[in-house]
Amino acid sequence: MKTTPLFLALLIGILPASAQEMTETKPEAPAAQPPAEAVPTPAPAPATATPAADNPAPSDEFSQKVLPAEPPKKAKPIPTSLGDKSGPVWIGHRSVVDRYAGWGWVKKEKESWNQAKWVAMEETIGKSVAPGRNYSRPTQDDGMTYRLFGDFADYKAYEPNYDVFIDVFRIRGWEAVGREEIPKLSPPRGSTGGPSRFSERGANMRR
Amino acid sequence: MSLRMILLVALLACPGPSLLRANEQIFISGGPALRYFERNKVSSHDKFWGNFIHAGVLRYKEIAPTIPSGDTFTWLVFRPGYEARSREAEFDVPAEVENLIRPTGAKVVWFNSRDELINYLNRGQDRDKVKISRLEYFGHSNKRNWMFDYSNRLDGAVAEPFCLHLRDLRKIKSSSFAPGAYSQSWGCHSGEEYSAAWLKATGVRMVGAIGKTDYSGGGIPVLSTAGGYWTK
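Residue numbers (our numbering), protein chains in the order written: chain A, 521 to 727; chain B, 340 to 571.
Bound-form chain A, shown alone (with noise of 0.2 Å):
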């Protein structure tokens, strides 16, 4: 057919930067289709924090739950300290929650667990990273309890489950102490207006 040459000109003209010329030419390419869904592992139950089981968040949009561990090539020693150790210390306790963002509990060496604040950690890669960085997902370091050196942010960090602005701590170094269990505690909720029909359901919730 005549047209077929234009047509397909036309057809090219209109695919200029396509998924599948992307993929060729630079890193971290778009899958020409979206993978496929990975298949969670329960999670073990937080000890300490459990948002979730009184306000069940059932979008995973914002889900900070990570896939399964591989079993690792050859066992990698887990530093029990690393960092900057100078100035004030804080103690934190790592609490993992699926649908909360955040790292856990964090307060002064002699406040009471119920002062501590839940924060958001600022860590800097390649230099000051959370505790669990060092195992092969970051969230297996659930339950431990570290001293931990750096400060508080002067910003806060929004939380997209439970819309919500949570502290920030910047980390500089930390120290582990062991894992010990620290009493119920729960993360802080929604705060935009009053209960209404979403943020009964939190952010994001929408079946």
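Treat the hints as calculated values from the structure; they're not laboratory data. Quick caveat: nothing in here was measured; it's all calculated off a predicted structure. One or more hints might be untrue.
Said to hold, decoys possible - Dumping the calculated DSSO-like pairs for lysine-lysine here, alpha-carbon to alpha-carbon at most 30 Å:
{"hint": "1", "chain 1": "A", "residue 1": "K628", "chain 2": "A", "residue 2": "K594"}
{"hint": "2", "chain 1": "B", "residue 1": "K539", "chain 2": "A", "residue 2": "K676"}
{"hint": "3", "chain 1": "A", "residue 1": "K647", "chain 2": "A", "residue 2": "K637"}
{"hint": "4", "chain 1": "A", "residue 1": "K585", "chain 2": "A", "residue 2": "K676"}
{"hint": "5", "chain 1": "A", "residue 1": "K704", "chain 2": "A", "residue 2": "K585"}
{"hint": "6", "chain 1": "A", "residue 1": "K676", "chain 2": "B", "residue 2": "K571"}
{"hint": "7", "chain 1": "A", "residue 1": "K676", "chain 2": "B", "residue 2": "K510"}
{"hint": "8", "chain 1": "B", "residue 1": "K551", "chain 2": "A", "residue 2": "K585"}
{"hint": "9", "chain 1": "A", "residue 1": "K647", "chain 2": "B", "residue 2": "K386"}
{"hint": "10", "chain 1": "B", "residue 1": "K510", "chain 2": "B", "residue 2": "K571"}
{"hint": "11", "chain 1": "B", "residue 1": "K386", "chain 2": "A", "residue 2": "K676"}
{"hint": "12", "chain 1": "A", "residue 1": "K676", "chain 2": "A", "residue 2": "K637"}
{"hint": "13", "chain 1": "B", "residue 1": "K400", "chain 2": "B", "residue 2": "K386"}
{"hint": "14", "chain 1": "A", "residue 1": "K676", "chain 2": "B", "residue 2": "K512"}
{"hint": "15", "chain 1": "B", "residue 1": "K510", "chain 2": "B", "residue 2": "K539"}
{"hint": "16", "chain 1": "B", "residue 1": "K386", "chain 2": "A", "residue 2": "K585"}
{"hint": "17", "chain 1": "B", "residue 1": "K386", "chain 2": "A", "residue 2": "K594"}
{"hint": "18", "chain 1": "A", "residue 1": "K647", "chain 2": "A", "residue 2": "K627"}
{"hint": "19", "chain 1": "A", "residue 1": "K596", "chain 2": "B", "residue 2": "K386"}
{"hint": "20", "chain 1": "A", "residue 1": "K630", "chain 2": "A", "residue 2": "K647"}
Based on the hints, put chain B in the right spot on chain A.
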């Protein structure tokens, strides 16, 4: 005074309809998450750094025939997110962003925070003369927030100065927008609450998604929630 003169004076005294003016068309792109934070998650975001740019380029091709000649086209891009991804990916991501956008003819304006974005919307042009007639957002969102920096500075969260929450919308001047302006959020869940708040703050309707949107196919985002739809 003749009737003709009266009509002429009246015409000059009235503000001109937006159709006769050059308006501004705006795209906004949030930044990508870092793979360092996302790679082991079940809901892993932004395997491709350019989802929020690439989708906009394709959207531009779709709307280009409808853009009035004389309108300016501005593309606001959240710089810190692409710079951080650049350090991780070890190539110049912001330069690649500009390369992708260049064929659209858009003027790229990098912004570093919510406040800079709001300032641009309110004062980036002489808003008495150049009104915003289109605004479209590509990026992470939930029903109450546009999150330009999701899982980039902070794992699974967003630094507060790097998002545009419902509570911030009142800072945007409704007078910046042309009558009948079009706006759309291509992020997840915006139609569930954000669109209504946007309308209240700016006087402009915003098309938003009920449900999630998916950029991972490499094209214009598609609804990915069963029963999801776009608000009108």
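Which hints, by number, does the structure contradict?
-> 1 and 6
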